[in-house]
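Asks: Residue-level listing of the chains:
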Amino acid sequence: MKLGIMVSEGPYQHQASDSAYNFTKAALEKGHEIFRVFFYHDGVNNATRLTVPPQDDRNVVNRWSELSKQYDLDLVVCIAAAQRRGLLDENEAKRNGKDANNIAEGFRISGLGQLIEAGIQAERLVVFGD
Amino acid sequence: MEESGVIKKFLYVNRRAPYGSIYALESLEVVLIGAAFEQDVSLAFIDDGVYQLKKNQATDGIGMKNFSPTYNALGDYDISKIYVDKDSLEERGLTLDDLMNLTWEDENDNYAKKPSISLVNSEELAALMEQQDVVLSF
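Chains as they are written, first to last, in the working numbering: chain A, 62 to 191; chain B, 15 to 152.
Just so you know, the hints here were simulated from the structure itself, not pulled from any lab data.
It cannot be assumed that every hint is accurate.
[Stated by the list, open to error] Calculated cross-link-like contacts (lysine-lysine; reagent style BS3-like; alpha-carbon spacing at most 25 angstroms):
1) B/Lys95 / B/Lys22
2) B/Lys95 / A/Lys63
3) B/Lys22 / B/Lys68
4) B/Lys69 / B/Lys79
5) B/Lys69 / B/Lys95
6) B/Lys22 / A/Lys63
[What the hints assert, rightly or not] Computed footprint of chain A on chain B, listed as stretches where at least three residues anywhere in the stretch have a Cβ under 8 angstroms from a Cβ of chain A:
7) 32-44
8) 48-58
9) 79-89
10) 137-151
[Stated by the list, open to error] If we take Cβ atoms under 8 angstroms as the criterion, some of the chain A residues that face chain B in the derived model are:
11) Tyr101
12) His102
13) Pro114
14) Pro115
15) Ala141
16) Leu173
17) Gly174
18) Leu176
19) Ile177
20) Gly180
21) Ile181
22) Leu186
23) Val188
24) Gly190
Don't be surprised by glycine CBs; every beta carbon is placed ideally from N, CA and C.
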């Protein structure tokens, strides 16, 4: 089955991202197709490479990056939600005159249309939120 | 954006108060962007979400932008199906008269302005959700 995933909550604060990750990984391992994972609301914070979790804890951000690499998974961060919360890629940092960017490998920043497109293209859109 | 003519039924479920968290505002942003995709869109307001449609919102005291006038634009985006949970309204001491008068123009009826909001009970809401292809919950 072709699935779309939406993640609406931030890492560590909320289990939504863990559940979304576990679900996505399990679906891929079972041979399902993940059309896209879309990060919205505080979910955009799953894409910052500057997180430094304790060593005995899971690394939520790196886990997504690794899954993306392994399965060529499309991880999309909402640009409007990201800008509000200080999540920038190189282009956005330059465009907004900021001195740094923080997006992790495997994620890309794009518009909300990508979420709607996932809803249209996927057979099921699964929302992980509060 | 070309989507090869696929039209799906999208329902946006709004469950939270307009201020206090950003869910309501960011939900509205999805609805407005999504309108460009010409899908079959409905909005539902339940629980504290019914406050999002309250008339005369005044946000000066909390230093936030009052985004409620934007709901009036939904009709212009061809979004005419707005369902409000009757029980949620009543539990909060509200009636339809406390909500903004949201309308849409019916091009098949000489562009007559018609109300967009319908009050529904929980059985009707459940049936509405059952009909959808995509349910986004905020």
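Asks: Is the listed coverage of the segment 79-89 of chain B by chain A valid when you require three or more residues with a beta carbon under 8 angstroms from a beta carbon of that chain?
Replies: violated (count 0)
Asks: For the restraint on A/Gly190, tell me whether the closest CB of chain B is nearer than 8 angstroms.
Replies: A/Gly190 check passes; min Cβ-Cβ to chain B is 7 angstroms, inside 8 angstroms.
Asks: Quick one, is the A/Leu176 hint okay against chain B at 8 angstroms, beta carbons?
Replies: holds, 7 angstroms
Asks: Closer than 8 angstroms Cβ to Cβ for three or more residues is the test here. Does the segment 137-151 of chain B pass it with chain A?
Replies: holds (count 5)
Asks: Hint validation: A/Leu173 versus chain B, beta carbon distance must be below 8 angstroms. Holds or violated?
Replies: At 4 angstroms from the nearest chain B Cβ, A/Leu173 passes the 8 angstroms test, so the hint holds.
Asks: With a cut-off of 8 angstroms on the beta carbons, see whether A/Val188 makes it to chain B.
Replies: holds, 6 angstroms
Asks: Within 25 angstroms, alpha carbon to alpha carbon, are B/Lys95 and A/Lys63?
Replies: violated, 28 angstroms
Asks: Does A/Gly174 meet its interface restraint, that is, does its C-beta lie within less than 8 angstroms of any C-beta in chain B?
Replies: holds, 6 angstroms
Asks: Between the alpha carbons of B/Lys95 and B/Lys22, is the straight-line distance 25 angstroms or under?
Replies: holds, 15 angstroms
Asks: For the pair supplied as a hint, B/Lys69 and B/Lys79, is the alpha-carbon distance within the 25 angstroms limit?
Replies: holds, 15 angstroms
Asks: Hint A/Ile177 vs chain B: min CB-CB distance below 8 angstroms?
Replies: Result: holds, 4 angstroms to nearest chain B Cβ.
Asks: Please check whether A/Tyr101 passes as an interface residue: C-beta within 8 angstroms of a C-beta belonging to chain B.
Replies: holds, 7 angstroms
Checked against the numbered hints above, the structure breaks hints 2, 3, 9, 13 and 14 and satisfies the rest.
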